[in-house]
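Keeping the supplied structure of chain F fixed, place chain H upon it in accordance with the hints.
Same order as they appear, the protein sequences are chains F and H. Per my numbering: the first sequence = residues 1 to 200. Per my numbering: the second sequence = residues 1 to 177.
To be clear, the hints were calculated from the coordinates, so they are not data collected in a lab. This one's a predicted model, so the numbers in the text were calculated from it and none came from an experiment. Treat the hints loosely; a few may be bogus.
What the hints assert, rightly or not - Keeping only pairs whose Cα atoms sit at most 25 Å apart, straight-line, the calculated DSS-like set for lysine-lysine is: (1) H/K148 to F/K36; (2) F/K194 to H/K149; (3) F/K120 to H/K149; (4) H/K149 to F/K87; (5) F/K120 to F/K60; (6) F/K189 to H/K149; (7) F/K189 to H/K30; (8) F/K87 to F/K72; (9) F/K189 to F/K120; (10) F/K72 to F/K189; (11) H/K30 to F/K87; (12) F/K72 to F/K120; (13) F/K60 to F/K72; (14) F/K87 to H/K148; (15) H/K148 to F/K194; (16) F/K60 to F/K87; (17) F/K120 to H/K148; (18) F/K60 to H/K30.
Said to hold, decoys possible - Covered stretches of chain H, as calculated for chain F (at least 3 residues, CB under 8 Å): (19) 43-53; (20) 101-110; (21) 145-156.
Each residue gets a CB set at the ideal place from its N, CA and C atoms; glycine is no exception.
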Amino acid sequence: MVNLLWAGMLISAIVVAGINGNIGLVTQIIFDSAEKAVGIAFSLISIMTFWLGIMKVIEKSGFINFVIFFLKPLAHWLFPGVPRNHKAMNAMLMNMSANLLGMGNAATPFGLKAMDELQKLNPRSDTATDDMCTFLAVNTASLTLIPTTVIAIRTATGAQNPTDIIGTTIVATFCSTMTAILCDRLYRKYNRWKNRSTNL
Amino acid sequence: MYDIVNNITLWVVPGLILFALLYASYRRVKVFDTFIEGAREGFGMSVRLIPFLVGMIVAIGLFRESGAMQVLSNLLIPILNIIGIPADLLPLAIMRPVSGSSALAITTEIMNTFGPDSLVGRTAATMQGSTDTTLFVLTVYFGAVGIKKTRHALNVGLMADAVGIIAAVLVCQMVFG
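In isolation and in its complexed conformation, chain F is listed as follows (with noise of 0.2 Å):
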């Protein structure tokens, strides 16, 4: 599906600026949106450090079992692949905390961290677990109590109560994540299915 996408998006793009005589511009874009990634991937360094350094610190000290407590109940039932007290389950836990606090740039170093130890709990390093399914639905529905750039934009275009946007997000964003993690379970229970149908 990835595959698809990415080969649909720029065989369509390449044909387009043909058609619309911008062919000489493909070239100069691939180079500028490359240079970009690299950007991002070199801003994403110093962040990551950072925060995994935190992330050490507050795991250690025992100080993630305040963070956590709310949380944990439904992580349990999100992600029953995973042992009570992994490591991964620290990591999506934070994940899931500064998701809903609307920290986004901390969210995505424990993000990161979670996967990786999802990925030793893996026994096919080139798929996906149902866990790490799970845990991206939770991720791209992004569940947030407080949307903080949306009300930065809105205070920068001079709107006369910024924060008055923030009930219909929590609805919006509640609906896309209910969605999110019903489609998993069906996904799930229909894998499984399918498994327990080829082994007969």
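Coordinates of chain H only, in the frame set by chain F:
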């Protein structure tokens, strides 16, 4: 209300670091040594992402700049009109799952054009805040550990985005319409 939320937002990150360090010191954890131990992993993890990011960001950049995105949104307008998504919000609805920075740019542009307190402006803000950049999250998270077979993750993410976008339109119509 705005001041309270704004203050909470400003305090979240420094507050977390403050309490984490206070608690760790109280528990006699060697804070700096522990910090270094964790921080060491940051570099490798970021560098491992480069191929995945280059692949995706080039594809997205080319798709947008070449005009292919415009063609796609023209094709989709009739379908989205049936669901009830206003045409002004269409570029945002398409771009939101694909590219975070472009979506943010479109949202800002919508607020500047229609005003942040218009229905379109508020709906755009809700849309922007309620979903994440699915493609980016998938690329980065799976890329970091070298997963190639992503199974149902993309479908689930896009489905959630679609529901989030439609929910944003409906809720804003009810609340602000």
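(message) Let me make sure I understand: some of the numbered hints might not hold for this structure. Which ones are they, in numerical order?
(response) 7
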